[in-house]
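K.L.:
Letter by letter, the chains look like this.
2 protein chains.
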Amino acid sequence: MAHDGSVLEAIKAAYEYNIIDAILIGDKDKIIEESGKIGLNALNFEIIDEKNPAFAAKKAVELVSLGYADIVMKGFLETAIFLKAILNKETGIKKFDLLSHVAVFELPDLDRLIILTDAAMVMAPDLKEKLEIIKNALIVANSLGIECAKIAPICAVEVVNFNMPCTLDAAILSKMSDRGQIKNCIIDGPLALDNALYKEATLHKKIKSEVAGCADILLAPNIETGNAIYKSFAFTSRAKNSGILIGASAPVVLTSRSDSYETKLYSIALSILVSKTLGGLYVQDTFN
Amino acid sequence: MAHDGSVLEAIKAAYEYNIIDAILIGDKDKIIEESGKIGLNALNFEIIDEKNPAFAAKKAVELVSLGYADIVMKGFLETAIFLKAILNKETGIKKFDLLSHVAVFELPDLDRLIILTDAAMVMAPDLKEKLEIIKNALIVANSLGIECAKIAPICAVEVVNFNMPCTLDAAILSKMSDRGQIKNCIIDGPLALDNALYKEATLHKKIKSEVAGCADILLAPNIETGNAIYKSFAFTSRAKNSGILIGASAPVVLTSRSDSYETKLYSIALSILVSKTLGGLYVQDTFN
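Line by line, the protein sequences give chains A and B. Residue numbers for the first sequence follow the numbering used here, so the first one is 1 and each next one is one higher. Residue numbers for the second sequence follow the numbering used here, so the first one is 1 and each next one is one higher.
It should be emphasised that the hints constitute simulated quantities derived from the structure, not laboratory data. There is no bait here: all hints are sound.
Where chains are identical, the list cannot tell them apart; a pair therefore holds if satisfied intra-copy or between any two copies.
When the alpha-carbon atoms are kept at most 16 Å apart in a straight line, the in silico EDC-like pairs for lysine to aspartate or glutamate are as follows: (1) LYS59 to GLU90; (2) LYS205 to ASP259; (3) LYS206 to ASP259; (4) LYS205 to GLU78; (5) LYS199 to ASP259; (6) LYS28 to GLU46; (7) LYS183 to GLU147.
Produce the complete structure using the sequences and hints provided.
P.N.:
Below, the structure written as structure tokens:
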């Protein structure tokens, strides 16, 4: 459903950067009209005329299955309809156990990119789901050139507290990492957000950790925490950001209407990197 | 246990601003020594020599009970020992049903102060506890001159979702507010952090709400979300901030070692405003 001004704007920018080609699926007349408004010649692209959102989503997913497309991007349709096409057991493209949201931020005062998961997809992950979320995030880390990502399970404190279940999960994941049960990363938590991100915050508390102060991946304990961190980074700290879904055979760009045009562009760019990683053999090796 | 350099530094600044007088309880020799290091003459203040942390905390609380002090501030002792003295059923100063943490932020790009609760005290509040947290936060709002605070229960989404319990709580609290069961405020949620804080974020989603885009109080669904927002605002957005405990007969300054000297000073300043409100009759009228 590519007949959406803000989506077309991101497509235009990515096309002008010469990093993508696009197949536009949706209402052909509207696509041409909306493209015209932003100075984009839609006829540069293949256009598939399809006014029904469910059929349009199914078509997009099919193009990935057939190898004609490397990335799927959501346009002007309901998220539920879009996801249904991806997750469909017969015609969908779900590849891993879990579809999760992975965001990447360029924060002020930090010289590394920060990966945040999950801010938008998995609501209250249990330990097994946290492992799948980590696996998906490692694909993104690998795509960004991080070979051994440092993962901080985020809690409200940096000590195990029997009354705070996410601190127990954090301790368990850390020990699994120690024992080599999760490869290509170092997990150490519980950590609070400040001592995950900033060296100076770890000094006061004298935390001994290979992850504290230098985390690459923030693992949120629940969707509320993940979403609040996402919104605070993006809106309050004005950090550049991108977000995609991982778990399908292709990266999925599912930005929100409230996301800026830059966020949509960066999400497309991230998807390109990730689609190369997904094509490789890296994924199978992550877990024992 | 006032023999703590960073606490004494905040005391010194507040004293020089002429907004406090202090009674220093702790190891007298160390208090004088630490004060000397930062150019503070400890003999400006009454000093009570007490080396035992539990006794020192009990003494501080007693001074409030007897009307000799308006604010209690934590020094160099364990939080658990400090809180035990406050919550002690015979000699403590607990006044309301719940002791909760209330933080106040001056965020970039916003022309109003933002109150956040609970980032540090109540772990997984149920509905009844959320009401108490709101009551405590309204004391702070009132102290800041906000007569009818706009309260946003923060969730990951702005719609009710049966699989996300905090969205159900948000709906219930909102209706209680509609029916006048909670006075001196307007509660409307669920809201995500961006559409609670920023008008522009509400426009894309066409949210009709008296609170969206202009919330004064952010009610976190759990301590992990509250703490992550706190840390992101304070460390990533570099927002000026202060935090105190409400629920006792006096405001309690319980800053962390990792908090900056400014945060400690602002927390003292906030306590002064709140101690005036606590002396009034406002509190009793909040609930039907």
